[in-house]
Amino acid sequence: MSARITTKNELTITIDGKVCHGIQGDTILQIARANSIYIPTMCYLTKVQPIASCRMCVVNVEGVDGMILSCQEKAVDGAVITTHNEALYKERQNIMKLYNVNHPLECGVCDKSGECDLQNKTMEFAVASQSFTARDMHRPVENWGFISYDPALCIMCEKCVHVCNEVVGDNILAISVGGYKSTIINTRPGEECSSCGECMSVCPVGALVSTDFKYTSNAWELQKIPSSCAHCSSACSLSYEVKHSGIGNHEKKIYRVTNNYEFTSLCGAGRFGYDFANTGAKRDRALFTSAVEALKKAEVIRFGATITNEEASILQHIKESYGTALVCDEARGYQKFLEAYSSVSGKSLYSGSLKNLSKSRGIIVLGSKINDDNPMVKYHITMASRRERARVVYMHPIEDAAMQSIVTQFIKYEAGSEEGAAALLAKTLIDTKKVPSEIAAYLDDLDIGNLSAESNIGEDELEKLSKSLIKKSGFTLVAGSDLYNHPRAESIAKLLAAIELYGDFELILVPPATNALGVSLICDLDEDKDGYSVGYNAPGDFVLSAMGSGDIDMPALNQQEGTLTSVDKRVVPINAALAYDGYTLNNLACGLGVEAKYTIDYTEHLPVVKGYEAVAFDDLPDYFDASGNEHRGYLLHSLDAEQTGTLEEVADLPTYDGGVVYQCNSGNQFTSFTNKSKKLGTDDKLRGSQQFATLSKLNDGQKVRFEINGVVYERVFMIDTSMKGTIAINPYADMGLSSTTVSYYRFNQPKLEVMDS
Amino acid sequence: MSLEEFKNRNIGKQNYVKLDLEHTPQTPLGRFSRVVRRTLKGELFVGLYVTLREMINALFRGEMHTVKYPLEKLPISPRYRAIHDMLRLLESGHYRCIGCGLCEKICISNCIRMDTRYDENQRKEVSEYTINFGRCIFCGYCAEVCPELAIVHGGRYETASEQRASFSIFEDMLTPVDALKQQKEYDGFGAVSPNADENIKKTPLAY
Ligand code: SF4
Ligand code: SF4
Ligand code: SF4
Ligand code: SF4
Ligand code: SF4
Ligand code: FES
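Protein chains in written order, with our numbering: chain A, 1 to 757; chain B, 1 to 207.
Since the hints were derived computationally from the structure, they do not count as laboratory data.
Among the clues, some could well be false.
Claimed, not checked - The calculated lysine-lysine pairs, modelled on DSS-like cross-linking and capped at a C-alpha distance of 25 Å, are: (1) A:Lys412 to A:Lys434; (2) B:Lys73 to A:Lys90; (3) A:Lys253 to B:Lys202; (4) A:Lys434 to A:Lys464; (5) A:Lys678 to A:Lys282; (6) A:Lys224 to A:Lys679; (7) B:Lys105 to A:Lys224; (8) B:Lys181 to A:Lys97; (9) A:Lys296 to A:Lys282; (10) A:Lys90 to B:Lys202; (11) A:Lys252 to B:Lys73; (12) A:Lys112 to B:Lys105; (13) A:Lys319 to A:Lys355; (14) A:Lys697 to A:Lys724; (15) A:Lys253 to A:Lys685; (16) A:Lys214 to B:Lys201; (17) A:Lys181 to B:Lys73; (18) A:Lys679 to A:Lys253; (19) A:Lys18 to A:Lys112; (20) A:Lys97 to A:Lys319; (21) A:Lys678 to A:Lys224; (22) A:Lys529 to A:Lys296; (23) A:Lys336 to A:Lys427; (24) A:Lys347 to A:Lys412; (25) B:Lys73 to B:Lys181; (26) A:Lys359 to A:Lys224; (27) A:Lys181 to A:Lys224; (28) A:Lys678 to A:Lys214; (29) A:Lys319 to A:Lys296; (30) A:Lys224 to A:Lys243; (31) B:Lys201 to A:Lys97; (32) A:Lys243 to B:Lys105; (33) A:Lys427 to A:Lys464.
Same shape as in the complex, but just chain B (with noise of 0.2 Å):
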């Protein structure tokens, strides 16, 4: 499904069709006429034929209407909020995380906590990085305050575990450098508005 479809959501506009319902039988007779009608017809043997169609088209022709998961997962909406990413600058491949330490600050559930200290080469490092996603509520407020589009919801949402806490931390959300091509940019929340470019004012230049 398309961002656009799931954006649709214009209920009533639709082509409704109203069914053709019969009125319900008034007299003693009249409802016991329905009944003999409805039991010579043979429309139990109109229902198994349909279930016996698509048993077919899923089995033989390719047309399952479920998946077998957790083998199969249906994609989510870019709006979805599941476990977090830590994304990569796609040119350098170095983390996109500068240590503001703004998602810490703004996690409602206190559940972010981050080190960082000055490196060798006089910038801000993040040493180390943890979230508890026990007790993270996902509210997406973490991916939404960062300025650097570092930190977003990916699409791990299974977050069930055998403790209460349980820890990520820093490498295991960020994109493996080899997987940087695959890496996504992030759709939902926190994420630059689609008319970004129209709302920034330039810095006049003097040269």
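Excised from the complex, chain A in its bound form (with noise of 0.2 Å):
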């Protein structure tokens, strides 16, 4: 009957007399919702597994007594389904009267009245009187610290707890057991969770609410503005929610972020860390004169990664007219590692994407704190690992506490040795049968045992790491910022594309910050000279800021529309949250003679040559789909490249004896916009295990001053339980202009000096 051609994997059944087409391992719920058809839920999160615990999903099963949670029950081909009649009508209003026993009567002032699923199910299934009843108690709200729990409010979905399980990965949440006594209870109260917000964003009530936003303003009156989070490389689709700022002041003011929460996650930078709009800009004439004259005389142009596309485009569109020289420490590592790495594998991007590393069944990272570099990278692996029980090979010379419940191989090397890591990677992922014979020849030459010598990764251990990625396909190999600034940098990149390559892994190249990968594409960057500068969120003689602290003020993110490149290789579409009045770069680039009227007239030509598409502005889509599709913006095309490089024999490696200080910011803090924001917490201690305080001779508390690639620090030293071995971690998102002139290798061994209290 129906013309189409049914693979194996295909299945055909019926929804109330509409024919639909599913793959096998879809549940009903899914192929009735790609298909338009509603059928009512209350505890059903797409990004999670089912979690079955409404049965407002129920359906009847031509042939099956009772009925069936449509939630979890997979499709069967060839079934008949009814989703809507008398008795499940009556079941569902039962259901949702039990949800009304109790319930405080408070939508009033309730955060969540205008998009609570209870009120809106209450009224759709006519729930006008009570039939049922159970002895009240009292059930007093707690406070966790930035969210509120109401158990008197808590319809008991566990949204929360397997949202923090499944995608987090942190466990926090978990469920008390008791009959009507059930609540939702934080396991770790005095400690910090990781702040994400997201058990909040998935409460179909209002049990958990924000506690900065709790009260200030109606659902309905706020403006929702969707865009993408400046904060990191993921550039995760969100929801800017504006309103006035008060009866007072009439300006926007942004009152949370939202996202789409059934398919998409954020971290806590993107949800709360959202007040870093570069305010009270004004156009003043002079100033817009003498910018414009600052470019001009410019030999450098010193930029931070957090631009979007069409900025590092006009900043192109500069050096290709006046021939100034475009430095962008964020980038620069990031770009040539690139090119060496195509320079092997043949392609000019990487093959992986977060989709599929959430679906991949062996992860392996390599050179990044991955948790803090990257938290969706993060959410990812700890969805293949609780879906898929993916084995997740963390490589990294520091044990990540906040990493263990998903990590199954932790694999510590020493800091420095990064490329012999690399190698040994190659080596044991790499079937010497199935290549071509000078990389087998390669492989063949290695010292394996002077290579596990130094880098301290033990022949066992890579033995039990081969052993257990045997029989499994879908690998991914994610790599991080480490690797970029390395003194060996484009070894490894070879190596990483032989891996990927010859090893049958998809490969992650996370890019270092918000759009290091749109600037290495699109900008053609030099190395760092001397000469006038004029710095754009970086230093120079001359300092456009969007931090509000240079000569002239530029938009934040937030302010300004155009798009981001994601580490999925995505273009992703920005929007302007808040008011701008100041001068844009685009403004002085015109000054300039570089002319176009808005800056995302540049949106339409960026480089083809390097993946872009020829795409307006305007048409770029952003929204996804009833089966959770993305589709915002586009996908890179990856390219040919010439595969002119060779695998480089493994150097000898630096040996970090001592204390070692690794730069890395934790703590929901990325950059300098996220230490701007005053709703996340601050981070701006050094920190460091018992270990590193005795080899250091530092005690808890005391200060010390030392300095890293010109820059300062004089920070509090902390010692850390949680951590062990002899690297401490210094943030440096909090040192303004400095904090994008990061172009040298994340390990450092400072001279730490104790300064006088």
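Once you've looked at the hints, go ahead and assemble the two chains, each given alone in its own frame, into the complex.
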């Protein structure tokens, strides 16, 4: 009957008389939603495994007695399903009545009112009176810091617990089972969770709400501005919700950030760190002229990678017209790394994506404290770990307590020995029988004993690794920022390319800053040089700054339109949530004769030769369809590159004896923009283990001064009992303009001077 | 005038009196003789007498039929929609408004604006509330939608002002604490219906 050719994988079912197609393994609900058939649910959350706690999704299947939970029942080919009839309606109505037993009548003040699933479904099932009852009890509101939990409003759908475990991987929330007395409990109330707010965003009622937002605005008063997060290279989809600041102030203010929580997630920085706008910028003609003059005479433009593709494009045009050198410390290492990678892999871009990462069955993380560098990558690893039971091998010099629940094997290597680690990985993962002879010869020539001794990676560990990955497909290798500025970065890049090419691995090279990938592709970057310089969010003789600290103001990423290039190799749009009255980079460029009416006029002209598409900004889609497929902007095209590179001999590895300082922001801090946000906590301490303290002769609470790459840090030293080893962690997001001058290897051994207190 | 009288609109059932008017004369002679009759009858003095009587009644017997506006005002119908009042709870004296924002949302001319916050007692507090009476069209939707009978129309109907915008803030509209005893329940638009009690369905209780 159906004209479709069905493969073994596909199946056809009939829902309410409509013929629907799906694939093996799809649940009835998934197929229904994909076909725009409505089945009411209360506990279903697309991004986690079916929870099956509400029974709202019941359907009848022909030939099966009783009601079936459509959210967890896999569809069987040929099934005939009814989603709506009298009996199902009664069943659902009764469930809604039960949910309403003793539910406080406080919609009038509840933050969720207007977007509350309980309100909606109570109306939908016409629950006008109550026929059930239970003895009410006192359930006080609990304050968990930035989130507050009201057990009286909780309907025990368990979404929060599942998202915390399955997506975030923090396992903070649990269920205290006890019939009507059941509640959600915070298992580590004293400790900080990663403060991501994911639990709060998926809560269908007003039980979990942001303490900061609480009672400040009704949902319907807020205007949603769809955009992308500006803080890390994941550029997650989000909406800024804005309204006038108050009765006496008509200026728009961002009240909160929401996301499409069914399909996407946010980390704490994205959700709470939205107050980084550059406010109060004014137009001053004289200043404008001096900025244009400065750009004209500049020999160097130094900039940070937290800019849009369009701005990068403008800078490239300035370079082409004026011959100015473009220096981006955040992206230069990455650009060279990508080039070296292409020279072996033959492709301009790495193969992995976040979606595939979350479906991988074996994951290796190399050279990144990934939980802090890019939480969204960590979330996807968590999903793979929970759903696919993925083997997760975490290779890093520092053990990360936050990764504990998902990592199946931790391989510690010495700081500085990343090249050796990559070579050992290549040797372990590539089957020499199936590769070209020169690669095989290269791998056979590696002095495993020596590499293993120098990097401190045991041969038994490698054996365990290769055994654990046997007989499974779907592997992803995640590589991060420790590698891009390593002295042997190019060699490492080639080794990773070889692993991707011959080891059946997908590779993700996590960009080190928000738009490092975009800048790498669009700008022709130069080595740093002396001479008169203009800094854009970076130090220079004349500074353009979106942080509000320079000679002339620039709009922050929530005050302008444009696109970003994400770790997913996706070009995603950002929109202006707040007004900006000052000059933009495009205005300055026009002053230089690089003309365009609007910044977004450049969107169409992003370089096609680098994989961009000639699509105008206003034509970029930005939505998720009913099945959760992402239609945001477009995916970059990976182009063929010449395979001219050869694997290099592993260089003698430098050794780091004694205390080492690792440059890494943590606690939802990424850049000076997150640092500017008052809603996020501060991260300004040098943290190390007791061992580091002893080794460096430091005491807890002592103030130290040290210099890394010309930047002087004065930090309070704190002993972190969750840490081990001889490496301390030093944040740099609070260093203003110099926080973007990170063109150096992340492990250093600065001289630590104790300061008088 | 009581509410009952006001609501009595059964026009047509009252006892109307039909005036007994004489027919208009058809001939010139008839018309002439009517003029002579009326001229000599002295009806003019009847009229003057009535005027004089009423003047005396009004001035000396307290039977004045007009009021000295603006010194005096006539009571208005409870259904009249004048400048808003914000009522208080009679027992606690706390303002009734819970900050639900429904009035702000429903207001057809967008003239209500409010700020709320999370207060020290973990309650929603209305930190500021204004109505721009220059834009208000006195439609009464806000009073109707208010779930707490907090915002109501009061008796102040003089809305002339020197400027087009004329804002009232929360405190202006709120019943003064010392006048709580005089606070009257509002009977007009949005008030509970007289048979509200009959319509309530009770939740069954297991204890
Ligand atoms: S959770 Fe929903 S139903 Fe409950 S008080 Fe809040 S808005 Fe009303
Ligand atoms: S904020 Fe994030 S980590 Fe903390 S409990 Fe909620 S979901 Fe878990
Ligand atoms: S807190 Fe919210 S998400 Fe969690 S179980 Fe209760 S209602 Fe569901
Ligand atoms: S009476 Fe009508 S126009 Fe005036 S404040 Fe109320 S809702 Fe708005
Ligand atoms: S509708 Fe009533 S309770 Fe709600 S905000 Fe307005 S005045 Fe306050
Ligand atoms: S949605 Fe299926 S049980 Fe809740």
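Results for each hint:
Using a Cα cut-off of 25 Å, the hinted pair lysine 412 of chain A and lysine 434 of chain A is violated, with the two alpha carbons roughly 29 Å apart. Between lysine 73 of chain B and lysine 90 of chain A the alpha-carbon distance is near 59 Å, which puts this suggested pair outside the 25 Å criterion. For the given pair, lysine 253 of chain A sits about 44 Å from lysine 202 of chain B by alpha-carbon distance, which is inconsistent with the 25 Å threshold. The straight-line distance between the Cα atoms of lysine 434 of chain A and lysine 464 of chain A is roughly 22 Å, inside the 25 Å bound, and the hint therefore holds.
Under the criterion of a C-alpha separation no larger than 25 Å, the hint pairing lysine 678 of chain A with lysine 282 of chain A is consistent with the structure, at around 23 Å. Using a Cα cut-off of 25 Å, the hinted pair lysine 224 of chain A and lysine 679 of chain A holds, with the two alpha carbons roughly 20 Å apart. Annotation: proposed proximity of lysine 105 of chain B to lysine 224 of chain A holds, straight-line Cα distance about 17 Å (limit 25 Å). A hinted pair counts as satisfied when its Cα atoms are at most 25 Å apart, and lysine 181 of chain B with lysine 97 of chain A does not qualify at roughly 41 Å.
Our distance criterion of 25 Å between C-alpha atoms is met by lysine 296 of chain A and lysine 282 of chain A, whose separation comes to about 22 Å. Simply put, lysine 90 of chain A and lysine 202 of chain B have alpha-carbon atoms about 21 Å apart, close enough for the 25 Å limit, and the pair holds. A threshold of 25 Å between alpha carbons decides the hint, and for lysine 252 of chain A with lysine 73 of chain B the separation of about 45 Å lies outside it, so the pair is violated. Pair hint lysine 112 of chain A plus lysine 105 of chain B holds up; C-alpha atoms about 16 Å apart against a cutoff of 25 Å.
With a C-alpha separation of about 36 Å, the suggested pair lysine 319 of chain A and lysine 355 of chain A falls outside the 25 Å cut-off, and the hint is violated. At most 25 Å may separate the alpha-carbon atoms for a hinted pair to count; lysine 697 of chain A and lysine 724 of chain A meet this at roughly 16 Å. Between lysine 253 of chain A and lysine 685 of chain A the CA atoms are separated by roughly 31 Å; this puts the pair beyond 25 Å, and the hint is violated. Proposed proximity of lysine 214 of chain A and lysine 201 of chain B is contradicted: the alpha carbons are some 32 Å apart, above 25 Å.
Restraint check for lysine 181 of chain A and lysine 73 of chain B: the C-alpha separation of about 60 Å exceeds 25 Å, so the hint is violated. The straight-line distance between the Cα atoms of lysine 679 of chain A and lysine 253 of chain A is roughly 14 Å, inside the 25 Å bound, and the hint therefore holds. A distance of roughly 35 Å separates the Cα atoms of lysine 18 of chain A and lysine 112 of chain A; the hinted pair therefore is violated under the 25 Å criterion. At roughly 67 Å between alpha-carbon atoms, lysine 97 of chain A and lysine 319 of chain A are farther apart than 25 Å, so this suggested pair is violated.
Taken as a hint, the lysine 678 of chain A and lysine 224 of chain A pair is honoured in the structure, with Cα atoms around 21 Å apart against an allowance of 25 Å. For a cut-off of 25 Å, the pair hint linking lysine 529 of chain A to lysine 296 of chain A stands: about 17 Å separates their Cα positions. About 24 Å separates the Cα atoms of lysine 336 of chain A and lysine 427 of chain A, which keeps this hinted pair within 25 Å; it holds. Restraint check for lysine 347 of chain A and lysine 412 of chain A: the C-alpha separation of about 31 Å exceeds 25 Å, so the hint is violated.
Simply put, lysine 73 of chain B and lysine 181 of chain B have alpha-carbon atoms about 22 Å apart, close enough for the 25 Å limit, and the pair holds. Among the hinted pairs, lysine 359 of chain A with lysine 224 of chain A is inconsistent with the structure: their alpha-carbon atoms are about 31 Å apart, more than 25 Å. Using a Cα cut-off of 25 Å, the hinted pair lysine 181 of chain A and lysine 224 of chain A is violated, with the two alpha carbons roughly 37 Å apart. The hinted pair formed by lysine 678 of chain A and lysine 214 of chain A meets the criterion: a straight-line CA distance of about 17 Å does not exceed 25 Å.
Straight-line distance between C-alpha atoms of lysine 319 of chain A and lysine 296 of chain A comes to about 11 Å, which keeps the hinted pair within the 25 Å bound. The straight-line distance between the Cα atoms of lysine 224 of chain A and lysine 243 of chain A is roughly 9 Å, inside the 25 Å bound, and the hint therefore holds. Among the hinted pairs, lysine 201 of chain B with lysine 97 of chain A is consistent with the structure: their alpha-carbon atoms are about 15 Å apart, no more than 25 Å. Annotation: proposed proximity of lysine 243 of chain A to lysine 105 of chain B holds, straight-line Cα distance about 14 Å (limit 25 Å).
For a cut-off of 25 Å, the pair hint linking lysine 427 of chain A to lysine 464 of chain A stands: about 14 Å separates their Cα positions.
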